[in-house]
Amino acid sequence: MAKETARMITRLAAAIGSLYIAMSPVYALDFLHEPIKRIPQTLDVSPDKAAIGKKLFFDPRLSVDNSISCAHCHNLDEKGGADALRHSFGVQGREGLVNAPTVFNSALNSTQFWDGRAKSLEDQVDGSVQAHAEMASTWPQVVEKLRADAEYRRLFLRSYKTDINPANIKHAIAEFERTLLTPNSRFERYLKGDENAINAEEKDGYRLFKSYGCVACHQGRNVGGNMFQVLGVMGDYFSDHKVENKADYGRFNVTGRQEDKYRFKVPSLRLAVLTAPYLHDGSHTSLAETIRTMAKYQLVRNIPDEDVRSIIHFLYTLPGEYEGKSLEPVTREHLNFLPENKVASQ
Amino acid sequence: MKAHVMLLGSIAALLLFQWSHMREFDAEKPNRILHLIEDLSQLDTKVEQGIMLIYSRNIFDYDSITADVDQMQGVLDELSAEIASETLFHEELEALKRSAEIQRSGTNEFKASFAIFSSSADYLPTLISQLQKERPELAGWLIQLNSDIFLWRLYPENQEAHDRIIKASGQFESLELKQLSRHVQLILDYAPRVAQAMNTVVNCGTSENAHLLSAAYERHLMTSVQRNQRDQVLLIVLGAVLLIYLFFVLYFRQRDAIRLAESENRFHVLFDLIPHGVGVHRNAHWIYCNPALVKMYGAQTEAELIGTAVVERVHPDNREEETERIKLERDELKPAPLMLQKNLRLDGSEFFGEVQGIPFIENGKPVSMTMIRDVSDRVEAEKKTRQLIAAVENTAEAIVVSDRESTIQYANPAFERLTGYGTSEAIGSDIRLLRAGDPEVYDAMVARVNSGQTWVGELPLRTKDGEVIVAERSIAAICDGSGHVVNYVTAMRDVTEEKRRNEQMEHTQRLESLGILAGGIAHDFNNILTAVMGNAALAGRNMDDASPAKDFLARIETSTQRASDLCKQMLAYSGKGRFVVKSIYLSELVEEMTRLMEVSIEKNVAIKYHLADNLPAVEADAAQLQQVILNLITNANEAIESKSGVISFTTGVMYADKSYLSQTITEAKLPEGRYVFIEVSDTGCGMDAAVMKKIFDPFFTTKFTGRGLGMSAVLGIVRGHQGAMRVYSEVGRGTTFKVLLPASEHSFVLRKDQDVDEGNWRASGTVLVVDDEDTIREVATMMLEDMGFKTLSAGDGAEALHVYRAHESEVVGVLLDMTMPKMDGKECFRELRRINPDVKVLLSSGYNEQDATNRFVGQGLAGFLQKPYTPEDLREKLRGMLVDQAK
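Protein chains in written order, with our numbering: chain A, 1 to 346; chain B, 1 to 887.
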């Protein structure tokens, strides 16, 4: 009886499995259940405090020698909120261990830093201001310097009703960063139902993005940024790429758990087209190369060049607007990449 | 009060503590906490649902579960913050945190694993269908594999499918299905991991732990609600206790305040009523003065004194002392002792005050209350008392105070002198000790005194020596306020000596009146004898010598002469005998009398003379002195009686002082000075004291035939000469009489009587006779006319003046009687001199010359004629007067 029942269930399962396989390529787009969500227009932010944060964001006095500001590594104007360097440089030319991620939409990340050691933006500020390879400052120094500035004292007193202190500074900067959103991208318009917001090739790219399984990790409002994933699920990335520094251990550095070794926060792809080089170590200079690496180590798939091209097209629809201006580049430099066979032959 | 405040404070503090403790009880908090726990459970469910949804529908909505997990964390943080203080839930909270963390890591694990698993699993059908096309020979095997994997994914516990997949994967190598092998491997690897992650998430126990926490919290909530109710009750009870306590405290305070006000009012009334001055001063300035003090200082209102310095009202004599007292009170807070002080009223007058002060603290500052009693009356009374005491102590009268039991309570020093009992001895003893007479008298005395009257009288008194003396006593009762006799005061005076003196005085006065009587009789008698003698003499002249009547006339003259002698004795005794005062030398006088004395004494008596030469003269009547000497020698002779004896005469001069004179028998006081004396001593029988006392009394005699006038006359003569006598006598040894006469101041020179040639004098002119006695006037007129004078006569002074004015030129002299009615001799003499300052007046009187002429001293009296007088006496005086005039 039990055997018969089991066989029957097996049959039924086989049938459903077949049906599932048959249906999968042609399923229709359900905007409400798309893995990529829309960026909110704004977050709940105090404009006054954000204004102070903006002033602080560009203030080099946060660094030990007044040489660099937050904007030093997070260029909002040209470099998509990052610095286009493989590793960032801190005070006195000190080189950091990782590639600087964009500050845009960082408020939508569940954690900050590649290893997610900061649970909030405030924590991230705390880390960067004091990190040896970054601003290398201390809070007493920073507070002292800012208190010397009557304007800051006036602003803080007006908005925070207290004197300048580390918590206020961190909050103000974080508050500013919560305004650094890039909504209203073409893809978002598409998600809202504007079929013509993106062209066929880009739609194709999006389809491929999903079907190759990229979306398994790069999903949500930020197309990433809400989970940790092992770099090299299938195939050992670090046997092909030597471990450069301890940052390569990823989240292990935070939790100390063996299973967290080489786990990194999945980066947002919102401004991916603007923020080369890629990966935590900045080892990949082009999107195509990065997509291929991801396919190889994460998906165990071969993505043909035309699919890569489509995906890149899709990625170009993601940058939204900041301060009313679209961040989407006019030229699509990332489409100029060597075919795979050429790369392999090199 | 302090204790009340502390107790009240404690209760209030307890109340506040309880209140704040209750405020900690946040009624909303349990709601919030329960809500949070609820949220947590819901989020847990949501996460689980989200995961299941993702897993079942293969939709990668990681944002929502990530957000849910993040929110869960946020809620958990909030919850931790809410109940962090409650250690009670530490375990539950920690468990919840742990499960939440497990859930979070499970979720992360799920996200990562499911991403890998799903992408492989999703790709697998595509890959298989691709392989089916490429390798049609494996189509069946591939379909089976696909079906197995699907089945196994659906039922992970389906071991058969799993085994088939494992078996199939063993063929991948040989079949060169490398990619398939890797994806199948991934699926095989990650499916359990996904399942485990989901398991972890589902079984992490978050909701259970949340439930446990909730249950624990609700239990806790229950107890805390109960506790809160208890706290509320306690709060109300505390509040009630506080209010009741406060009520009682206020009630008692109010009651005390009323009592205090009443008490203060009583004191106020007291201070207003009290007759003593009461004041309070601070920093030596008055800040309060009661009405008595205001009045005492002579102020109208209190305001006149308030603020003035205390010493201003103190007499300058006491100010320094007062300043010291104030300092003592203020600096050492010691009471100033009672003292008597002179104070000043506002008008500057003084009064004595008894001042006493006591310091105390008022409003944290030392002040003094001073009480002043006006004791001026008392001081005055004390002064008077002292005076009275001094008077009583120093008076000559003995004063003694005794009580009703006759016990002596006070005796003054005079008492000791009187009775011989010392003051200390007397006090406490019985006053009846002094009694020495009839007890009935005393009873009467006591009765009188007790009836409130003063008894005055003489009573015998027995002194300490036992001698009884006579004392005049004045006894009075001292009564208390209600009239009861409490004491007797007796004043006593020794009157023994006084009585004796009084007796003597009476005796003397008797003798004096006898003298005056004798003198008066002699005076009238002399007037009569003058008439008798004059008429007899005139009758004799007008008669023949041969007439037989002549003999009779001669006898009349002799008898008249004897009567005149007796009168002389009487006048001498009375001190008013006729005095013919001359300067007499006593030694000479005695020598002249030698013959006369020798014949008047017996043969057995010898006379010795011790007569001093060159004695000062005495102004005396020689005849009277002779009489004195004769009387003395007669007595001496008789005292010697028939035995042989000696009478010695001694004369001399001596200086007699007061003490000497006081031992003499004399009349009144004699001046100190030189006295000429004559002593007559005999060796006769002498006298005893009793006899000696009486020898000068008239009519006292020890002789059988004596008239008892001899010694009286002697004393009268001596007194008449301002002299004195002393008598020494011893029975059987003899007697000495010493007569002292004042030595004359001006005559040492022997004065010879003027020898007048009688034969050359002839009477001529008119003589005015003035006398109120008709017989005297007639006899005198006859005598004068017989002499050859013309006469005029007047009955009194006024008539005499009238006559004298009419016949001034004729009248050569006036014979003037002294004692007359209307205008007496003295006044008449003055008036006559007014008419004619050179008028010659011969004064005539029955009294002696001394007496009479004393009234005319320095008035130019021409002479004095003692009544009775003979025609020869008259002729003699007139001749002397008129011859002097002629010269």
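By construction, these hints were calculated from the structure, which means they are not laboratory data.
Treat the hints with care, since some could be wrong.
Here are some, though not all, of the chain A residues that point toward chain B, as calculated from beta-carbon distances under 7 Å [as the list claims (entries may be wrong)]:
no.	residue
1	ALA216
2	CYS217
3	GLN219
4	GLY220
5	ARG221
6	MET227
7	GLN229
8	VAL233
9	TYR297
10	VAL300
Each computed DSSO-like pair below joins lysine-lysine, with the alpha-carbon atoms no more than 27 Å apart [unchecked claim]:
no.	chain 1	residue 1	chain 2	residue 2
11	B	LYS643	B	LYS738
12	A	LYS119	B	LYS97
13	B	LYS608	B	LYS464
14	A	LYS325	A	LYS79
15	A	LYS203	A	LYS325
16	B	LYS178	A	LYS242
17	B	LYS464	A	LYS261
18	B	LYS46	A	LYS296
19	B	LYS133	A	LYS296
20	B	LYS46	A	LYS119
21	B	LYS568	B	LYS643
22	B	LYS46	A	LYS37
23	B	LYS167	B	LYS133
24	B	LYS499	B	LYS464
25	A	LYS192	B	LYS46
26	A	LYS79	A	LYS261
27	B	LYS178	B	LYS499
Where is the CB? At the ideal position from N, CA and C, for every residue including glycine.
Against the structure, the hints:
no.	hint	in the structure
1	ALA216	holds (4 Å)
2	CYS217	holds (5 Å)
3	GLN219	holds (4 Å)
4	GLY220	holds (4 Å)
5	ARG221	holds (6 Å)
6	MET227	holds (4 Å)
7	GLN229	holds (5 Å)
8	VAL233	holds (5 Å)
9	TYR297	violated (11 Å)
10	VAL300	holds (5 Å)
11	LYS643/B x LYS738/B	holds (23 Å)
12	LYS119/A x LYS97/B	holds (16 Å)
13	LYS608/B x LYS464/B	violated (53 Å)
14	LYS325/A x LYS79/A	holds (14 Å)
15	LYS203/A x LYS325/A	holds (23 Å)
16	LYS178/B x LYS242/A	holds (26 Å)
17	LYS464/B x LYS261/A	violated (150 Å)
18	LYS46/B x LYS296/A	violated (35 Å)
19	LYS133/B x LYS296/A	holds (23 Å)
20	LYS46/B x LYS119/A	holds (21 Å)
21	LYS568/B x LYS643/B	violated (33 Å)
22	LYS46/B x LYS37/A	holds (19 Å)
23	LYS167/B x LYS133/B	holds (23 Å)
24	LYS499/B x LYS464/B	holds (21 Å)
25	LYS192/A x LYS46/B	holds (26 Å)
26	LYS79/A x LYS261/A	violated (30 Å)
27	LYS178/B x LYS499/B	violated (189 Å)
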